[in-house]
Amino acid sequence: MINKAISKMRSPLTFKVIAECSTTKARVGVMSLVHSDVDTPVFMPVGTQGTLKGVLPDQLINLNCQIILGNTYHLGQRPGIETLRKAGGLHKFMNWNRALLTDSGGFQMVSLLQLAEIDENGVNFKSPFDESNCLLTPEHSIEIQNVIGADIVMQLDDVVKTTTKGPRVEEAMHRTIRWLDRCLEQHSRNDEQSIFPIVQGGLDPKLREECAKELTKRDVRGFAVGGLSGGESKDEFCKTVNLCTDYLPKHKPRYLMGVGFAADLVVCVALGIDMFDCVFPTRTARFGCALVREGQLNLKHSKYALDMKPIDDECECTTCSTYTRSYLHHIATFEEVSCSLLSVHNVAFQLRLMNDIRESIKANNFPQFVRKFMKQQFADGVVPTWIKDALNEVNICLDAPDVAETS
Amino acid sequence: MKYVIDSLSKCSPRSGHFQKNDSILHLPMLLQYTKCAIVPYLSKEVFNYVTTDAQGYSICLDTTINMVDALSAYRKGIASFSGIGSDGISFLTIKNPTVVNKTADHGDTKDTMSIYARSGRKIISANQYMDLVSSHHPDVFHSLCDGETNATSSKRRIMKSMDRSKAFLEICLQRYRQSESLKSGSLFVAAIEGGYNLRHREEYIKEILVHNSDIHGYFLDGLHSNGFTATSLTIDNIKEIVKKCNELLPADKFKVMFGPYNPVVMLQLIQLGVDVFDSSYCYIATKNRCALTFSFDMESSSNGRDFDMDLKDPKYKEDFSAVLSGCNCLTCQKHTRAYIHHLINTKELLASILLMIHNSHHFIEFFKTIRQSIASGNFQELIDFVKAQFDRRCLLDENIQKIVELDEVTKKGKKTVSSDELSLS
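Protein chains in written order, with UniProt numbering: chain A, 1 to 407; chain B, 1 to 425.
In isolation and in its complexed conformation, chain A is listed as follows (with noise of 0.2 Å):
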């Protein structure tokens, strides 16, 4: 299915769309790295500091997990870069044999570290080791990445805040293309590791216009939409995704940064993203949280104590073929266990969903799987505003009956 043949020059990322929904803009690709081949749309697990939390890498492969996220700033604090340089870069550290993606560390720093700022050069921070003033450039940035050595590594951009409005949000754009291009002239590794710019420009439609447009003259293998999930309402986030995809190269993978809750994964699908990354579904589990179709199940609730059911019929990881939610409830958030064998469940989730959507599309009835995710999801039948509006904004029409859309 996947024709390594064409990319005789061993391109780092080919990207090759294999299908595309007729009703929406979702479509289906193959994006083959250096590390594995990545079924989009795809949902990538976090996992921090080289570890998915309580999960072992070989679990992930049995889940079919293609690709998995690693922060940057945490690696580089600890183990540090010259000891991921010694072991030869992240995959071989963590015994991760497939695809890594790695971001900037910029985005970790604004949100954890309360002293930092930003400037021309880079972001300046206090270290929460030692308290020594740290910079961190969009060089520096790419020369850490460079040696943990993931397959698509992301530019150091400028962040601020979504709700932030006025001159501070076009400085912040402008600087990530500035960024960008020392980004670009920084990378060692172009044969290996694909730099991804990221659209920044707030939620003015105008600056993230501007912003795709000139990130997609440079010579780039994929784009992400940054900036979003901070604050603003769903409206707007739907709006701007829709609005970048709308600028960004068909061609090309699109990423849309930690989003990961089920309903917006189907939504912005349907909007044209093909990568998304989020804490969600681990963190969720270490609080006694299972991801379910209809929402989650917080296993901790008396009303598990006596379930006899797994968390989800249909779901075949080895969580549900082998627990009940009345002895997870009995284990739930005090046994470290419960916290492994809630994350390889909800890791499941995340991907049987992704791969479900894959697989609609790809059978061309997307459009009937978005309803049917909906009616689940929202089993009160009061699908929000934000939703409709956004799904209607791609033809998709949830009040109309079904036969609707699939002329």
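Please keep in mind that the hints were generated in silico from the structure rather than gathered at the bench.
Some hints could be false.
As the list claims (entries may be wrong) - Just a sample of chain B residues kept apart from chain A, beta carbon distances all over 12 Å, derived:
id, residue
1, Thr-109
2, Gln-178
3, Glu-203
4, Leu-209
5, Asp-214
6, Asp-236
7, Asp-297
8, Lys-347
Stated by the list, open to error - Once the Cα atoms are required to be at most 27 Å apart in a straight line, the calculated DSSO-like pairs of lysine-lysine come out as:
id, chain 1, residue 1, chain 2, residue 2
9, A, Lys-206, A, Lys-252
10, A, Lys-126, B, Lys-166
11, B, Lys-347, A, Lys-92
12, B, Lys-122, A, Lys-300
13, B, Lys-76, A, Lys-300
14, A, Lys-86, B, Lys-312
From a predicted model like this one, the values you see are computed outputs, not experimental measurements.
Think of the CB as a built atom: it goes at the ideal place given N, C-alpha and C, for glycine as much as any other residue.
Since the structure of chain A is provided, determine the placement of chain B on it from the hints.
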């Protein structure tokens, strides 16, 4: 479920086996220590990487007593409920070898025992205990007992422990005899009390031997208070008592000792005729961030090899070798000391998972070697070989207190979530 003791010797290494359906588990046997009836840190999927052979499991009642309503509703027993599976052998015990016994004489009446569950103290009578046994459906269980004696216990405490345990035993046996499902499904093990007093032990054993025909095995209890301090117990402390008990007890019944005995003491207890142990020592090592690396391969040299390896040590930061070269476990086959060190440093759960995989695997292999060595008649050499390595080490002992404290902190903290992750978006 049946058992066979092949060698009818009393105070020497013994062979034999348990058989349940198609599964045969040989003596001396290692029970996998469990919490909430699951091997700590290891889901069934992950434990299958350690071994797919049928195993014995110790089920610690203090960690499963909260599940009793669910077990009654579930009806298929604890092993199946918790996912360890019913192809192995589940052994229900009121002892949790990794938790220090609470002080005795804490206001229990003479008819009840306290079980200290996570949710608080549960006071149970022998009859209530037998109800718990029924809902757990273990393959093996021991009589309710007050084994809260150790080398420093007063005579009064020992007497009290004996009186209560004897009374419990009578009731448990009576219930056992009356229950067809228990008789057909579970083996009955009698707890032996008497502290460190040889005469008391002898009296106790003589009295309960009248029930021998209904008893399948004996549990030598009341010798230590569990928890980390029990790892430093030496054979000299307990040799006389264990020997005396095993001389008095019938040779054709299996002998059990729960506790986090270090590997040398386990070997020495096997030499005194003890047949069944649990792997709580592995869990304590894992909690202490240690990988067990002692050698039991007498063909190879143990020179320069540490008995165990403290992977917190910064010297492993850039050590990209396997924890133990030549080890076939997933941890050693696929990961490095540097990676585990990093995971420990960042308080990642995977550190405990990888260490528990290795330590469990190491102990399972250790017991295979023990059985082979008994069969081939060089068991004494195996003891000498392991003991020489043990004598060189002092690592775990140094950290003993740290672990106990750490344990207390985790219990108070309750959550398993690392705080730095929570602040991430």
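Hints and how they fare:
no.: 1; hint: Thr-109; verdict: holds, 29 Å
no.: 2; hint: Gln-178; verdict: holds, 28 Å
no.: 3; hint: Glu-203; verdict: holds, 41 Å
no.: 4; hint: Leu-209; verdict: holds, 39 Å
no.: 5; hint: Asp-214; verdict: holds, 33 Å
no.: 6; hint: Asp-236; verdict: holds, 36 Å
no.: 7; hint: Asp-297; verdict: holds, 26 Å
no.: 8; hint: Lys-347; verdict: violated, 9 Å
no.: 9; hint: A/Lys-206 - A/Lys-252; verdict: holds, 22 Å
no.: 10; hint: A/Lys-126 - B/Lys-166; verdict: violated, 66 Å
no.: 11; hint: B/Lys-347 - A/Lys-92; verdict: holds, 20 Å
no.: 12; hint: B/Lys-122 - A/Lys-300; verdict: holds, 21 Å
no.: 13; hint: B/Lys-76 - A/Lys-300; verdict: holds, 23 Å
no.: 14; hint: A/Lys-86 - B/Lys-312; verdict: holds, 19 Å
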